[in-house]
Amino acid sequence: MADQPLLTVESLYTRFKRGTDTIYAVNGVSFSVSAGEVVGVVGESGSGKSVTMMSLLGLVRGRATVDVKRATFKKWELPRLTPRQLEDIRGREIGVIFQDPMTSLNPVMRVGDQVMEAMLAHQYATPRAAFNRTLDLLREVGIPDAVQRFRNYPHEFSGGMRQRIMIAMAIACEPDLLIADEPTTALDVTVQMQILALLQELRERRHMSIVIITHDFGVATNFCDRILVMYAGRIVESAAVAEFVAQPAHPYTIGLRSSILEIGSRGRPLSPIPGLPPTVTEPPKNCSFAPRCPYAIDRCREELPELRVLSPGHEVACHRAEEVISLAG
Amino acid sequence: MPDSDAILTFDRVSKDFVVRRRVLHAVNQVSFSIPVGKTVGLVGESGSGKSTIGRLGIGLLPATAGQVVFKGQDITRLKPNALRPLRQSMQIIFQDPQASLSPRMTVGDAIEDAMNIHGMGTPQQRKRRVEELLERVGLPVSAADAYPFELSGGQLQRVGIARALSLNPELVVCDEPVSALDVSIQIQIIQLLQDLQREYHLSYLFISHNLAVVEYLSDVVVVLYLGQIVEQAPVEELFRRATHPYTRVLMDSILRVPQPGESARRFTVLKGEVPSPFSPPSGCPFHTRCPVAIDRCSKEVPELTLIGPDHWVKCHLAESAS
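For the protein sequence lines, the chains are A and B, in the order given.
Each residue of the first sequence is one higher than the one before, starting from 1 at the first, in my numbering.
Each residue of the second sequence is one higher than the one before, starting from 1001 at the first, in my numbering.
Just so you know, not all the hints are guaranteed correct.
Claimed, not checked - Now the stretches of chain B that chain A is said to cover, found in silico as 3 or more residues with beta-carbon under 8 Å:
1. 1091–1101
2. 1134–1148
3. 1200–1213
4. 1253–1264
5. 1270–1277
As the list claims (entries may be wrong) - Pair by pair, the computed Cβ-Cβ distance ranges are:
6. R1266/B / K75/A: 34 to 40 Å
7. R1020/B / S158/A: 15 to 21 Å
8. T65/A / S1276/B: 35 to 41 Å
9. V1019/B / P294/A: 48 to 54 Å
10. R1012/B / A121/A: 54 to 60 Å
11. K1079/B / R151/A: 48 to 54 Å
12. R205/A / R1012/B: 24 to 30 Å
13. R1266/B / D145/A: 23 to 29 Å
Everything labelled a hint here was simulated from the structure, so no lab data went into it.
For glycine and all other residues, C-beta sits at the position ideal for the given N, C-alpha and C.
Make a model of the complete structure from these sequences and hints.
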């Protein structure tokens, strides 16, 4: 794994207008993705995990304001690009796949044409070459009978097969970075395995970086090199998977981990995190997790914890991380 | 074989749907019982027929063949008028509570609605009951005046549970009740369902694709594939000695967070996807994807065979595998 960052983001803020309220969806997020690295962004709904990535790609919907100090991808400074330039990078340099392929596939266009179009729109290949390459891509992502299936429409495929077609479109121009937003959440477990295996294979073969956005710790810890945990629009913990499973340090991470039911949990008392994740309607001035945190002290309610280095490669945004580790055992 | 201490029994129940003149066998000769006060977990992927079985179980859908027996009465043969009083005792909780609540009705009205329909109590009694129920499911009494859009997914599921409880049911079908919820909320709801079962002596038919949740809540587990039971056993037995190749694949598809020091797992791949229920494979329905299938599996339908205490498996290789 090279250490050269492919993507560096510094101080990203995104807020939405909703009625008379302002929703502070992303509140100062900084991270980087190295070449060939697989990063998992984990969090619950409303944590800002999707909005963070979509803000960088110019894909946030609604009345959104995005502020970022720096977002460098390869040689480009993303915030300085025009929408047209950003659109060209998206698809050519950065592939994107979503949870529900049906919302991103055109229902009245043959799937082969859609994969071809992904290349033609970016002048990546001539029509002849794009056609041949589409057949190769469909085979590569595991669509049997590629020549016949080229002519089918999205509704003629199962959910798993549609996700494979989305992946073919996303990797058509050989992007260096693939952003996958909950790519297996809507799929059956056996199909989820197939899609994760496919993504892993593609990553190894193409030396592509992947950012996977997921709410599923099982997916993240088995698929990724490094994990970012988000809560209320901030990264609260970042660590390599080995460190992450050995010594989680943020009370939210620890709470979420013990909330997951695994086989063998039967008869064990449950330990839910009390309360609900907040809707952030003003810029955070203290720890957003404090109201639900068993370790919270006055300082947590008064002072915003910054993301700080706990040990090399392990960052945490908690005033009491060291004590939490020893208390949580 | 209707069972006397069962609240609900499926006896060779089948359900066909006709879709564009083609027959879809959604449920095929399914038999099992839910003992009073216990939970039966139904597990399977899309197209397994698990939701259809849930709806058959409370008379929301008529069976094509077989008997669905609720407290000794075959509800498949009942006229709507005779079914209505029984329906009060059988309730359902859905995956998406938002879709089952009217956006224009307050939460309090939605809970009271069911009591109204069944003519329960006076308006004052109903109002008090709504407050009791809200408190019992962990919502503030003030939630009665809220509209569904003002509540989170977890809070809406609590409303769905309160509404199901309002009629004092004996049997509750829980159709993927936590699948759409965030992890930290899922176990809050699981705990609530478990507490309510003990408190009101409820029987549950718990439908889920999540084996860990099913293991936690169920006493008996039924595994379905393409509308058929492929394995059925008491929960400890099933998780100790899963025998059907499909059950094993399902268990192997769970992505567990690795233990410290343990490396990430390879993603084991089961070939293909669930075949179309319009044209199920010949012989054993799983043979097209089964890692250990032999010639016989594509030709001959296996029998449901008893291989241990209350442990049934529908596989030609069950005896040699077990």
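Status of the hints after comparison with the structure:
1. A stretch counts as covered by a chain when three or more of its residues have a beta carbon under 8 Å from one of that chain; for the region 1091–1101 of chain B and chain A the count is 0, and the coverage is violated.
2. Here's how the region 1134–1148 of chain B fares: 0 of its residues keep a CB closer than 8 Å to some CB of chain A, so the rule of at least three is not met and the hint is violated.
3. Counting residues of the region 1200–1213 of chain B whose beta carbon lies closer than 8 Å to any beta carbon of chain A gives 5, which reaches the threshold of three, so the coverage claim holds.
4. Check result for the region 1253–1264 of chain B against chain A: holds, 11 residues qualifying (beta carbon to beta carbon below 8 Å, three or more required).
5. Here the region 1270–1277 of chain B counts 3 residues with a CB under 8 Å from a CB of chain A, which clears the bar of 3, and the coverage holds.
6. Restraint check, R1266/B to K75/A: a C-beta distance of roughly 36 Å satisfies the suggested window 34 to 40 Å.
7. A beta carbon spacing of about 18 Å between R1020/B and S158/A agrees with the range 15 to 21 Å that was offered as a hint.
8. The hinted window of 35 to 41 Å between T65/A and S1276/B is violated, with their beta carbons roughly 47 Å apart.
9. Take V1019/B and P294/A: their Cβ atoms lie about 52 Å apart, and the range 48 to 54 Å holds.
10. For the pair R1012/B and A121/A, the beta carbons lie near 56 Å from each other, so the given range of 54 to 60 Å is met.
11. Checked against the given bound of 48 to 54 Å, the beta carbons of K1079/B and R151/A, roughly 51 Å apart, stay inside it.
12. Separated by about 50 Å at the C-beta atoms, R205/A and R1012/B break the suggested range of 24 to 30 Å.
13. Under the hint 23 to 29 Å, the C-beta atoms of R1266/B and D145/A, about 27 Å apart, fit the expected range.
The structure shown violates the earlier hints numbered 1, 2, 8, 12.
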